[in-house]
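2 protein chains.
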Amino acid sequence: MGKTQILDGNVVSEAVKEELKPRIEALKEKGTVPCLATILVGEDPSSATYVKMKGNACERLGIQSKRIHLAEDTTTEQLLKVIEELNKDTAVHGILLQHPVPKQIDERKAFEAIAIEKDVDGVTSWGYGQTALGFGIYPSCTPAAIMQIMNFYGIQAEGKHAVVIGRSPILGKPVSALLLNANATVTTCHSYTKNLPEIVAQADILVAAVGKPEFIKGEWLKEGAVVLDAGYNPGNIGDVEYESCFKKASAITPVPGGVGPVTISMLLKHTVDAAERG
Amino acid sequence: MGKTQILDGNVVSEAVKEELKPRIEALKEKGTVPCLATILVGEDPSSATYVKMKGNACERLGIQSKRIHLAEDTTTEQLLKVIEELNKDTAVHGILLQHPVPKQIDERKAFEAIAIEKDVDGVTSWGYGQTALGFGIYPSCTPAAIMQIMNFYGIQAEGKHAVVIGRSPILGKPVSALLLNANATVTTCHSYTKNLPEIVAQADILVAAVGKPEFIKGEWLKEGAVVLDAGYNPGNIGDVEYESCFKKASAITPVPGGVGPVTISMLLKHTVDAAERG
Chain A
1 MGKTQILDGN VVSEAVKEEL KPRIEALKEK GTVPCLATIL VGEDPSSATY
51 VKMKGNACER LGIQSKRIHL AEDTTTEQLL KVIEELNKDT AVHGILLQHP
101 VPKQIDERKA FEAIAIEKDV DGVTSWGYGQ TALGFGIYPS CTPAAIMQIM
151 NFYGIQAEGK HAVVIGRSPI LGKPVSALLL NANATVTTCH SYTKNLPEIV
201 AQADILVAAV GKPEFIKGEW LKEGAVVLDA GYNPGNIGDV EYESCFKKAS
251 AITPVPGGVG PVTISMLLKH TVDAAERG
Chain Z
1 MGKTQILDGN VVSEAVKEEL KPRIEALKEK GTVPCLATIL VGEDPSSATY
51 VKMKGNACER LGIQSKRIHL AEDTTTEQLL KVIEELNKDT AVHGILLQHP
101 VPKQIDERKA FEAIAIEKDV DGVTSWGYGQ TALGFGIYPS CTPAAIMQIM
151 NFYGIQAEGK HAVVIGRSPI LGKPVSALLL NANATVTTCH SYTKNLPEIV
201 AQADILVAAV GKPEFIKGEW LKEGAVVLDA GYNPGNIGDV EYESCFKKAS
251 AITPVPGGVG PVTISMLLKH TVDAAERG
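Chains A and Z are the protein sequences, given in the same order. Okay, so the first sequence: first residue is 1 according to the working numbering, each after it adds one. Okay, so the second sequence: first residue is 1 according to the working numbering, each after it adds one.
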């Protein structure tokens with residue numbers, strides 16, 4: 001067994017930010033301040049923390065953060081109105097609606113209302129379709145982060161068998177699509193999958209996006225697999241059992257400090273991209 | 001070995017058409033004649049034949065067929081203008097642009113120009129995204145046909161391992177998405193896939209959408225697999241080697257008379273759906 005490489009997301013994240021700094025400066029010289037509008041609905045403490053982290057990350061880099069906080073009892077119609085206004089606001093380049101929203105809101109309808117040119121978080125069906133067909137400009141940020149980590153560390157997808165566990169609209173499905181477009185053979189697994197360990201055992205690249213703490217066991221892995229853990233469960237615990245997976249993997253993302261920080265950097269990058277596109 | 005079931009597409013196609021007849025009558029009683037506009041660009045004989053088959057199938061069922069034939073040297077701009085006019089024409093419920101178009105045309109741009117509410121052939125990225133996220137109304141017709149055949153013959157996807165060979169925007173990708181949404185574990189393979197026979201050997205459901213005659217061999221199959229052949233190569237030859245696959249499969253679509261006729265029926269169904277939506 002060789003040494004397992006730790007895929008440090010903070011290093012990748014810093015590299016992305018360094019690349020963005022001169023682009024943000026150039027935009028400001030031309031009179032444009034990149035601006036991300038974040039919408040938080042209600043008082044869910046995790047959501048509040050995530051939105052705050054994203055807003056703060058913007059501001060540290062010189063991206064304007066327009067923070068909108070709506071009441072817990074906001075209706076779908078009220079939220080749609082806010083999104084419509086942000087769509088029209090030429091000073092706003094990107095719109096992020098923090099997921100999940102309170103239960104009375106039609107989340108999909110709200111996501112779909114975001115103008116595609118401002119969908120920097122990659123939540124619309126149209127953006128998903130463009131990404132899957134190979135010409136999307138703002139893939140969902142966590143899938144984009146996974147690809148960024150692979151690119152940064154020189155991990156090739158082409159010809160590899162990638163196994164994705166999870167099929168959510170913003171994670172499992174788009175990361176499957178991106179890996180397929182990168183010429184991996186892709187198997188997408190989920191709660192109905194039978195013999196999951198047998199399928200995981202075939203993975204050259206394993207993406208864990210299942211949302212269950214320490215669900216994936218090292219004993220399931222092929223020796224030398226690359227493990228990308230997009231899980232982020234309470235207590236900073238990933239979807240993979242880190243100790244046992246570390247022993248089998250050739251490379252692995254830690255939690256925290258793996259996919260998470262790169263996800264935020266992808267959001268910043270997409271916002272700068274959007275500002276450059278005008 | 002049990003008897004292999006032949007999944008007769010003509011039977012499925014007729015059942016779909018029977019279900020459409022009273023719906024078309026009801027529309028006509030209200031003064032609406034469902035109308036599909038077909039656009040053929042250039043003189044490719046196969047494309048001309050396909051468009052003609054589709055137009056004739058419409059007319060036999062009482063759907064109006066508006067047939068547009070553009071010259072071989074049509075530009076992208078000229079084609080976009082035709083599509084724009086059809087988008088605005090309230091008498092037209094569905095628009096089909098026959099693929100492939102001559103080389104000077106930006107096919108993707110032309111597909112994307114079709115209004116989503118008239119995209120009955122399921123070629124736009126937005127339509128694809130909606131389908132993949134589970135709320136599409138007009139999936140691409142061949143993938144829709146494959147699901148229709150499975151439903152008709154009572155073949156369950158849930159919990160099965162489906163292997164799709166091919167990843168085109170109108171076949172491999174959307175059929176993978178539909179099977180995933182039907183709770184199959186889905187592996188999508190393509191030209192970069194290594195050890196294809198080993199992966200095919202895991203398939204409970206195999207979809208051949210590779211465009212190579214008799215590419216898939218019976219010896220690769222798991223005993224009892226369901227084989228859906230979406231290939232349609234010159235000389236009415238499918239993507240699977242029929243004789244050898246028939247011996248291993250529990251059910252198989254013939255070529256011709258399998259997926260093909262149901263594909264056209266799905267186009268008719270989507271056109272009627274669109275007319276009903278107004």
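Bear in mind the hints are in silico, worked out from the structure with no lab data behind them. There may be inaccurate statements among the hints.
What the hints assert, rightly or not - Examples of chain Z residues lying across from chain A (beta carbon under 8 Å, computed): (1) Thr4; (2) Tyr128; (3) Tyr192.
For each residue, glycine too, the CB sits at the ideal point set by N, CA and C.
ask   = So which of those numbered hints doesn't the model satisfy?
value = Number 1 only.
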